[in-house]
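Chemist: Could you put together the complete structure from these sequences and hints?
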Amino acid sequence: MISFYGQLGLLVGDVMVAILTSGFRIRQTLHQIVVIGVGSQVVVTITGAFTGAVLAAQTYFKFSELGLEAATGPVVSIAMCRELGPVLAALMVAGRMGSAMSAEIGTMRVTEQIDALRAMGTDPVEYLVIPRLAAILISMPILTAEAIWCGILSSQFLTVDLFGIPEPWYTEQLLSHTRSSDVIAGLVKSVLFGFLIVIASCHRGLSAKDGAMGVGQATTRAVVDSALAILVVNFFLSLLLERWFPTHLVDF
Amino acid sequence: MNLEPPPYFEIEDLYQAFDGQAVLQGVSFKVPRGRTTAILGGSGAGKSVLLRHLNGLLKPISGTVRVTGIDIGAFSERQLRSIRRRIGVLFQDGALFDSMSVGENVAFPLREGGERSAKTIADRVEEVLSLVGLSGQQAKMPDALSGGMRKRVALARALAPRPDCILYDEPTAGLDPILSESITHLIRTLQSTLHITSVMVTHHLASMRYAADHVVFMKSGIVRYEGSVSQFDQSDDEAVRAFLRADAMAISPPTSDKIESS
Ligand SMILES: Nc1ncnc2c1ncn2[C@@H]1O[C@H](COP(=O)(O)OP(=O)(O)OP(=O)(O)O)[C@@H](O)[C@H]1O
Ligand SMILES: [Mg+2]
Numbered sequence: 001m002i003s004f005y006g007q008l009g010l011l012v013g014d015v016m017v018a019i020l021t022s023g024f025r026i027r028q029t030l031h032q033i034v035v036i037g038v039g040s041q042v043v044v045t046i047t048g049a050f051t052g053a054v055l056a057a058q059t060y061f062k063f064s065e066l067g068l069e070a071a072t073g074p075v076v077s078i079a080m081c082r083e084l085g086p087v088l089a090a091l092m093v094a095g096r097m098g099s100a101m102s103a104e105i106g107t108m109r110v111t112e113q114i115d116a117l118r119a120m121g122t123d124p125v126e127y128l129v130i131p132r133l134a135a136i137l138i139s140m141p142i143l144t145a146e147a148i149w150c151g152i153l154s155s156q157f158l159t160v161d162l163f164g165i166p167e168p169w170y171t172e173q174l175l176s177h178t179r180s181s182d183v184i185a186g187l188v189k190s191v192l193f194g195f196l197i198v199i200a201s202c203h204r205g206l207s208a209k210d211g212a213m214g215v216g217q218a219t220t221r222a223v224v225d226s227a228l229a230i231l232v233v234n235f236f237l238s239l240l241l242e243r244w245f246p247t248h249l250v251d252f
Numbered sequence: 001m002n003l004e005p006p007p008y009f010e011i012e013d014l015y016q017a018f019d020g021q022a023v024l025q026g027v028s029f030k031v032p033r034g035r036t037t038a039i040l041g042g043s044g045a046g047k048s049v050l051l052r053h054l055n056g057l058l059k060p061i062s063g064t065v066r067v068t069g070i071d072i073g074a075f076s077e078r079q080l081r082s083i084r085r086r087i088g089v090l091f092q093d094g095a096l097f098d099s100m101s102v103g104e105n106v107a108f109p110l111r112e113g114g115e116r117s118a119k120t121i122a123d124r125v126e127e128v129l130s131l132v133g134l135s136g137q138q139a140k141m142p143d144a145l146s147g148g149m150r151k152r153v154a155l156a157r158a159l160a161p162r163p164d165c166i167l168y169d170e171p172t173a174g175l176d177p178i179l180s181e182s183i184t185h186l187i188r189t190l191q192s193t194l195h196i197t198s199v200m201v202t203h204h205l206a207s208m209r210y211a212a213d214h215v216v217f218m219k220s221g222i223v224r225y226e227g228s229v230s231q232f233d234q235s236d237d238e239a240v241r242a243f244l245r246a247d248a249m250a251i252s253p254p255t256s257d258k259i260e261s262s
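Residue numbers (our numbering), protein chains in the order written: chain A, 1 to 252; chain B, 1 to 262.
There's no promise every hint is true.
[Unchecked claim] Residues on chain B that point at chain A, a partial pick, calculated with CB under 10 Å:
1) Y15
2) V49
3) I83
4) R84
5) F91
6) G94
7) S101
8) P109
9) E112
10) G113
11) R116
12) A118
13) I121
14) R157
15) A158
16) T189
[To be verified] Listed below are the simulated EDC-like cross-link pairs for lysine to aspartate or glutamate, each with C-alpha atoms no more than 16 Å apart in a straight line:
17) K119/B to D98/B
18) K219/B to D236/B
19) K219/B to D13/B
20) K140/B to D98/B
21) K59/B to D161/A
22) K209/A to D19/B
Everything labelled a hint here was simulated from the structure, so no lab data went into it. C-beta: ideal position from N, C-alpha, C; glycine also.
Modeler: Right, dumping it as structure tokens:
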């Protein structure tokens, strides 16, 4: 337990040192942006769209009983911006990329490729972890924004086109209750989740051992670690961000 | 004052264990500069583990490793980097980067060493690939190569940045006799023309006799013989004798019956 967090701490330390002291590998980073960012778009947009839609449906069903159907738009948009967009996008990226990262790095570990890197005087953290980290920090806010956008669009489609709320009313309610602080809070979260995914997954990959089975275990654990970290950290972040970017804050 | 440069590697009283099982038990020996040193020993004797201590990939439990006179015991990964760039390594299983083509694998240490000119890199890659008999195979992926080819690509990768020392873990294992001879010849040539210091782990006595100047024989993590090649045959250490006897038997089987597997 202690050694687990110790190792994570050491990895974060190595990452910081590598960021501060070594050149930036643009080619690797661009490659990772394509793999992580571009490759995850479909998954993330579908996730966003359907989450927004079910949320809108359930909110509408209950709120219309109380005559509050106009609140559907703001409820969906704030939930998507602050919680569901960043969390679900991050969980999808963790499932997709966290597993791929730990499997790739884990395989390199057990086939001595990591040792070969070290033997050639290349720091595995600088070569493997930093480009992935840079790529995910750039990709996550964009992916999250897409998820939020799709969620809001699908909820609009459902409430306006299917349930018949007048469009101007829906839009006006949504815009007057969704502030830029909500969007910023979500994007800040997404960047942090990206960091958690890369650190958790690369740590599992770099410490893989015992051949194919070990790589399999590392992969499973990477996804579980990332997902748990995202959910737990999200709760505390929600409390913190409510102080820094409160939802009642007036637009900047 | 001692004008003679220190040996390339000086190993003193090295101990290493994994999961409570001792692998190296007080290993000491020297690797003379500009010469080829062969490390012999049975399977599981700890040869590959020993080799990993020479460039600091593994840290010993106790004991010292001096590289060109410098004790690397307290060095961090970062401090080891410049030493490692001067030491090429051929891993036992090649350890090729399987996401890169043969050409990219061989070019990798050149790029990492700061070479930027694509032309210089391509020329050097072709040059070392032809040294190992794989000229023009740059575009192949490691997965599409035979075991012996992978080993030779790995050798080319180790040679590419012109290191002043190379650690070979079984350079000839898994090669046919003709290739095996040409690789042994290559190791000898590198030593005689470029004065590269070589450490060669091998089971292959013929290639040891041809290429090596200095021999270290290990058994169960202990050095049983260190000295010249000619005296190796005269050693009266029991483990060395057993090794030599087994090798002689492989060349001329004693009888027509099958050799019992132990
Ligand atoms: N990473 C490791 N973890 C645990 N045990 C190890 C590890 N590496 C090596 N060993 C053990 O150390 C001993 C020596 O291994 P080593 O690979 O050095 O043998 P070797 O002399 O190179 O044999 P071979 O000629 O078969 O390659 C073996 O018993 C092996 O099980
Ligand atoms: Mg070995």
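Chemist: Hint by hint, say whether it matches the structure.
Modeler: These are the hints, each one checked on the structure:
Checking Y15/B against chain A by beta carbon gives a least distance of about 21 Å; that is not within 10 Å, so the hint is violated. Below 10 Å, beta-carbon pairs count as interface contacts, and V49/B has none with chain A, the closest being about 12 Å; its hint is therefore violated. At a threshold of 10 Å, the smallest CB-CB gap from I83/B to chain A is about 8 Å, leaving the interface hint in force. With its C-beta approaching chain A no nearer than about 4 Å, R84/B sits inside the 10 Å limit, and its interface hint holds.
The criterion of a C-beta within 10 Å of any C-beta in chain A is met by F91/B, whose closest approach is roughly 5 Å, and the hint holds. Checking G94/B against chain A: minimum C-beta separation of about 8 Å stays under 10 Å; hint holds. Annotation: interface hint on S101/B violated; nearest CB of chain A at approximately 15 Å, more than 10 Å. Evaluation of the P109/B hint against chain A yields a held restraint, the C-beta minimum of about 5 Å falling below 10 Å.
Taking 10 Å as the C-beta cut-off, the interface hint given for E112/B holds, the closest approach to chain A being about 5 Å. Because the closest C-beta pair between G113/B and chain A is about 8 Å apart, less than 10 Å, the hint holds. Given the 10 Å rule on beta carbons, the hint for R116/B is violated: about 12 Å separates it from the nearest Cβ of chain A. A hinted interface residue such as A118/B counts as satisfied when its beta carbon comes closer than 10 Å to some beta carbon of chain A; here the least separation is about 13 Å, so the hint is violated.
With 10 Å as the threshold, the beta carbon of I121/B stays out of range of chain A, its nearest partner Cβ sitting at about 14 Å, so the hint is violated. A cut of 10 Å between beta carbons decides the hint on R157/B: the least distance to chain A is about 8 Å, and the hint holds. The criterion of a C-beta within 10 Å of any C-beta in chain A is met by A158/B, whose closest approach is roughly 9 Å, and the hint holds. At a threshold of 10 Å, the smallest CB-CB gap from T189/B to chain A is about 23 Å, leaving the interface hint violated.
Of the supplied pair hints, the one linking K119/B and D98/B is violated, its CA atoms being roughly 24 Å apart against a limit of 16 Å. Of the pairs offered as hints, the one joining K219/B and D236/B holds, with about 15 Å between alpha carbons and a cut-off of 16 Å not exceeded. Of the pairs offered as hints, the one joining K219/B and D13/B holds, with about 15 Å between alpha carbons and a cut-off of 16 Å not exceeded. The suggested pairing of K140/B with D98/B holds, with an alpha-carbon distance near 11 Å, which does not exceed 16 Å.
Restraint check: the Cα-Cα separation between K59/B and D161/A comes to about 68 Å, which exceeds 16 Å; the hinted pair is violated. Proximity of K209/A to D19/B is assessed by CA-CA distance (about 14 Å); at most 16 Å being required, the pair is judged to hold.
Checked against the numbered hints given earlier, this structure breaks hints 1, 2, 7, 11, 12, 13, 16, 17, 21; the rest are met.
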